[in-house]
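Going down the list, the sequences are from chains A and B. Quick note on my numbering: the first sequence kicks off at 1 and runs consecutively. Quick note on my numbering: the second sequence kicks off at 1 and runs consecutively.
Honestly, the hints are just simulated from the structure, not real lab data. Check the hints yourself; a few may be wrong.
With the Cβ distance kept under 8 Å, some of the chain A side facing chain B (calculated, not the full set) [claimed, not checked]:
no. : residue
1   : 6
2   : 59
3   : 64
Idealized CB from N, CA, C, for every residue including glycine.
Protein chains: 2
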Amino acid sequence: MPVETTQFVAGTRGEWRITRVDAVIGAPLPPSQRLAIGPSATRDDPSAAWVLRGVASYARYTTRPEQDALVAVQPPLGRADARCAALIPIAKSEAWWALPQDERRHILEQRSRHIATGITYLPAVARRLYQSRELGQPFDFLTWFEYAPESAARFEDLVGVLRETEEWRFVEREVDVRLVRDEEA
Amino acid sequence: MPVETTQFVAGTRGEWRITRVDAVIGAPLPPSQRLAIGPSATRDDPSAAWVLRGVASYARYTTRPEQDALVAVQPPLGRADARCAALIPIAKSEAWWALPQDERRHILEQRSRHIATGITYLPAVARRLYQSRELGQPFDFLTWFEYAPESAARFEDLVGVLRETEEWRFVEREVDVRLVRDEEA
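If we strip away everything but chain A, and leave its shape as in the complex, we get:
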């Protein structure tokens, strides 16, 4: 069963209105108005400022106890009250990718508490991770988060905690795109 590619098109169309595009580490992405998310077969927006692609694939580090804990509390995407979103594309260094699996896992979880920290922000923040590296894209992952306006401060806290970790020393490009889903017109 082939895996489906998801495409994020920043242009003049889409359900999400872009409110900020910040270059956190490395090169920025151009500002744009709206973000459309869909299958990669979607026709490209000719006015697109940028297009990113990723695959929601299998988990690379999660253990059984972590997976069970996540499944118990993680909310679905698309909740009606989750009108805020963040698209945070990330690229890690060649030094990261050259590490063996056990050392990547050790930095990510034993030293940086990436999975354990994330769980404490559930169910306020719904998340999906898209793998991009194998697609020859400029980022290794596209991380997507949805939350209600009243959880915005919690989300800033989560992002801030992760950026202080040892794992983040291997991040060589990170852009933070913030979005809101407009009320029905």
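Guided by the hints, dock chain B onto chain A, whose structure is given.
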């Protein structure tokens, strides 16, 4: 640094002559004459019987001791005497991909000795693993092996041992393509 996609084109061209195409598990691939391997930007052979794409990406299960052991003994591809090759595309079941990382690792290595077994066949057999799943391809991996004619029996032994493992119960499609590099004309 974007990762490069490698394309395997079975048609009338290419360095490798196809000697056999066997469906081991599940649907076959059509027989063809030759295999050309190159970057995905290469123009497609209009006569191609099939085209498979993959990415030589980071190791998903290898630990530091295993990686060090592999680096110490694994030969490069393209050795002059390694005139035999095998391209073995493999797809695993959804049940495999739904397992958390620690359980996949446990089946692959603690129970199936995939990495440890592979090491014992080095340096006779040179190998490269291409990830295909994220590219929306019909296979999850394209495994590529090169060996000298005098190591052919050893290679059959390696393939036979792996196919008897617990890991292989999760394989739902496997095709075995054998090839030879012709002597200079």
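Which of the numbered hints are not met once you compare them with the structure shown? 1
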